[in-house]
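With the sequences and hints as input, model every part of the structure.
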Amino acid sequence: MKNKLFENIMQAIFLILGLIAVGFVLLISFYLIISGIPAILEIGVFKFLFSKSWAPTSPQENFGILPFILTSIYGTSGAVLIGLPIGFFSAVYLSKFAPKKIKLIAESAINLLAGIPSVVYGLVGMLVLVPLIKIIFSLPDGASLLAAILVLSLMILPSIIKVSINALEAVPKEYEYASLALGATETETVFKVSVKAAKSGIATAVVLGVCRVVGEAVAVIMVSGNVANMPSLFQSVRFLTSAVASEMAYSSGLHRNALFSIALVLFLFIMIINITLNFFIKRDRKG
Amino acid sequence: MKGIINAKNLNLWYGETQALKNINIEIPEKSITALIGPSGCGKSTFLKILNRMNDLIPIVKIKGDIYYNGKDIFEKSIDVNSLRRDIGMVFQKPNPFPMSIYDNIAYGPRIHGIKGKQRLDEIVENSLKDAAIWDEVKDRLKKNALGLSGGQQQRLCIARALAVKPKVILMDEPTSALDPISTSKIEELSLKLKDKYTIIIVTHNMQQAVRISDNTAFFLLGELIEFGKTEEIFSNPLDKRTENYITGRFG
Numbered sequence: 001m002k003n004k005l006f007e008n009i010m011q012a013i014f015l016i017l018g019l020i021a022v023g024f025v026l027l028i029s030f031y032l033i034i035s036g037i038p039a040i041l042e043i044g045v046f047k048f049l050f051s052k053s054w055a056p057t058s059p060q061e062n063f064g065i066l067p068f069i070l071t072s073i074y075g076t077s078g079a080v081l082i083g084l085p086i087g088f089f090s091a092v093y094l095s096k097f098a099p100k101k102i103k104l105i106a107e108s109a110i111n112l113l114a115g116i117p118s119v120v121y122g123l124v125g126m127l128v129l130v131p132l133i134k135i136i137f138s139l140p141d142g143a144s145l146l147a148a149i150l151v152l153s154l155m156i157l158p159s160i161i162k163v164s165i166n167a168l169e170a171v172p173k174e175y176e177y178a179s180l181a182l183g184a185t186e187t188e189t190v191f192k193v194s195v196k197a198a199k200s201g202i203a204t205a206v207v208l209g210v211c212r213v214v215g216e217a218v219a220v221i222m223v224s225g226n227v228a229n230m231p232s233l234f235q236s237v238r239f240l241t242s243a244v245a246s247e248m249a250y251s252s253g254l255h256r257n258a259l260f261s262i263a264l265v266l267f268l269f270i271m272i273i274n275i276t277l278n279f280f281i282k283r284d285r286k287g
Numbered sequence: 001m002k003g004i005i006n007a008k009n010l011n012l013w014y015g016e017t018q019a020l021k022n023i024n025i026e027i028p029e030k031s032i033t034a035l036i037g038p039s040g041c042g043k044s045t046f047l048k049i050l051n052r053m054n055d056l057i058p059i060v061k062i063k064g065d066i067y068y069n070g071k072d073i074f075e076k077s078i079d080v081n082s083l084r085r086d087i088g089m090v091f092q093k094p095n096p097f098p099m100s101i102y103d104n105i106a107y108g109p110r111i112h113g114i115k116g117k118q119r120l121d122e123i124v125e126n127s128l129k130d131a132a133i134w135d136e137v138k139d140r141l142k143k144n145a146l147g148l149s150g151g152q153q154q155r156l157c158i159a160r161a162l163a164v165k166p167k168v169i170l171m172d173e174p175t176s177a178l179d180p181i182s183t184s185k186i187e188e189l190s191l192k193l194k195d196k197y198t199i200i201i202v203t204h205n206m207q208q209a210v211r212i213s214d215n216t217a218f219f220l221l222g223e224l225i226e227f228g229k230t231e232e233i234f235s236n237p238l239d240k241r242t243e244n245y246i247t248g249r250f251g
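As you go down the protein sequences, you meet chains A and B in turn. Counting along the first sequence from 1, when you hit position 249 you're at 249 in the numbering used here, and nothing is skipped either side. Counting along the second sequence from 1, when you hit position 162 you're at 162 in the numbering used here, and nothing is skipped either side.
Simulated from the structure, these hints should not be mistaken for laboratory data. Warning: the hint list may mix true and false statements.
Where chain A lies over chain B, by a calculated footprint (3+ residues, C-beta under 8 angstroms) [claimed, not checked]:
hint, stretch
1, 46-57
2, 86-99
3, 105-118
4, 149-161
Quick reminder that beta carbons are idealized off the backbone N, C-alpha and C, glycines included.
This is the structure in C-alpha cells:
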C-alpha cells in the first residue's frame, strides 16, 4: 500500500513539473495575444502588416512593419542559404570522412562556437565584418543586411553541424556495409544511403537553425545598422526582433503597444516555421 | 570443378592478435561451401576479406594472397568496387535500406550506372523472382522495405545482392536471426542459386551445413583444420578436432 502511494505522489510531481513548461508556453502565447491585439486593431491589420513606413515618433506617425517582416524573411533565408550547405557538408565530412584528430579538434571548436554569446558575434561583426564590407563594396556604411546575413549564417552553423552529425552517426553501420558490399564507393554510400537515412534528423537541424536566426536580436542590431528601411542587401535594415529590442525602452502609448504586436507577429512566424517543417519531417518519417 | 577463389598462405592480424594462420583453400565454382567452427575461429574474418570488407577496419594486417579468378585481390590495381560487385554479400542481420522495396533492389544497378525505368523494372522483377520473394512483394514494391518480416527482409537482401549480377555470394550466418520456416526458405533458395552462383556461407548450425553445402571447411583458432566434401567431413573426418566439434564435444 505504501509503495502504491509513493508511486502516485511521484507521478503527480512529474506531472506538475511537465506541466510547468506547457504552462509557460500557454502563458506567453496568451500574454502576447492580449497585449499585441489592441494596437493591431487600432492601426488596422492591413496597414500594420503591409504599410512600408515605420515612423512611430514623427508628427505623422505611421506603424507599418513590412520593412521588418521582409528584412526578417530575407535575412533568415539568406542565412539558411549560406549556413545550411556549409553546415551540412561539414557535418558529412566530420561524421564520415574526417580523421579522428581533425574531428576532435573541429568538434571542440564547434562546441565553443555554440557557446559564444550573441553579443560577441555582434561585436566581432561590427569591428571586422562591417568595415570590411564598407571597403570591399565601397559603401558609405558597411552596416547592412549583408553583414547581418553573414553573422547569422555563422551563428547557425554550430546547431546545424551538431544536430546533423548526431543524425548521421545514428545511421546504422549495417546500411553502409550493405551499400559498400554492392560495390558503391564511400561517397556514393554516404550521400545515397546515410544522408537519406538521416534526413529527418538533418531537417530538425534546419528547424533549430531557422528558429535561432528568426529569434536573434542582439547581434543583428549591432551589424545591420538598425534603420527601418525596406530591405536591400547593402543598406541598413531593421529586423522584427531588433525593432522590439531597440525601441521598447523609450516607447509609450500606441508605439509601445505596436511593439507588442511586432512581438506577436514574430511569435506567429516561429510557430508557422515550426509547424510547417515538423509537418514535412513527420511526413518523411511515415513515407 | 575449378576453383574460383584461392587463398594462398593467408595470414591476418587484428593489431597484435593473429586471427588467421596460414590458410590455404580452393573454393570450387557454382557450389555451396560452408565455413564452420566455434566463435572466434576466424571463419567470419575469412569471409569478409574475400570482398575486402576488412578495408573498413584500419588495424588489420594481411600477409599472403587471395586469388579471385586468378587475380590477386590485394593487388593495388584491383578496383575494390568492381570486386565487390562480383562478390556480393548477405549479412547476419537483415539490413535492407530504409527505402522502398523497389529502391532497395534498384540501388545497386543504379550505382553501377544502369538507367531507364524499363531496364530497372526488369532487373527488380528478376532479382526478386530469383530470391523467391516476388510473389510476396509484387503488389507493394513502393512500400518501405522495413515493413517486411525478418525472413522476407533477408530474402530481399539476397535479391539486392543478386541485382548487380555477382558471381560469388558471401553469406555471413544469414539465418541466425530468423525463425525455422524462414531459415528453410533461405536454405531452399541457396540450393537453387548454386546453379548460377558460387555461395560461401558461414554457419553455426551444423545441420544447415549438412543440408545445403557441397564442401565444408572447419576452422579452429584461426587455422583451417580440414576442408573437403561435406559428406566426408561429417561422416568421416580426418582430424580428431573436427570430429570433436561436429559431434558437439565443444563449440
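Results of checking the hints against the structure:
1. 46-57: holds (count 3)
2. 86-99: The restraint on the stretch 86-99 of chain B holds, since 9 of its residues have a Cβ under 8 angstroms from chain A and three suffice.
3. 105-118: holds (count 4)
4. 149-161: holds (count 3)
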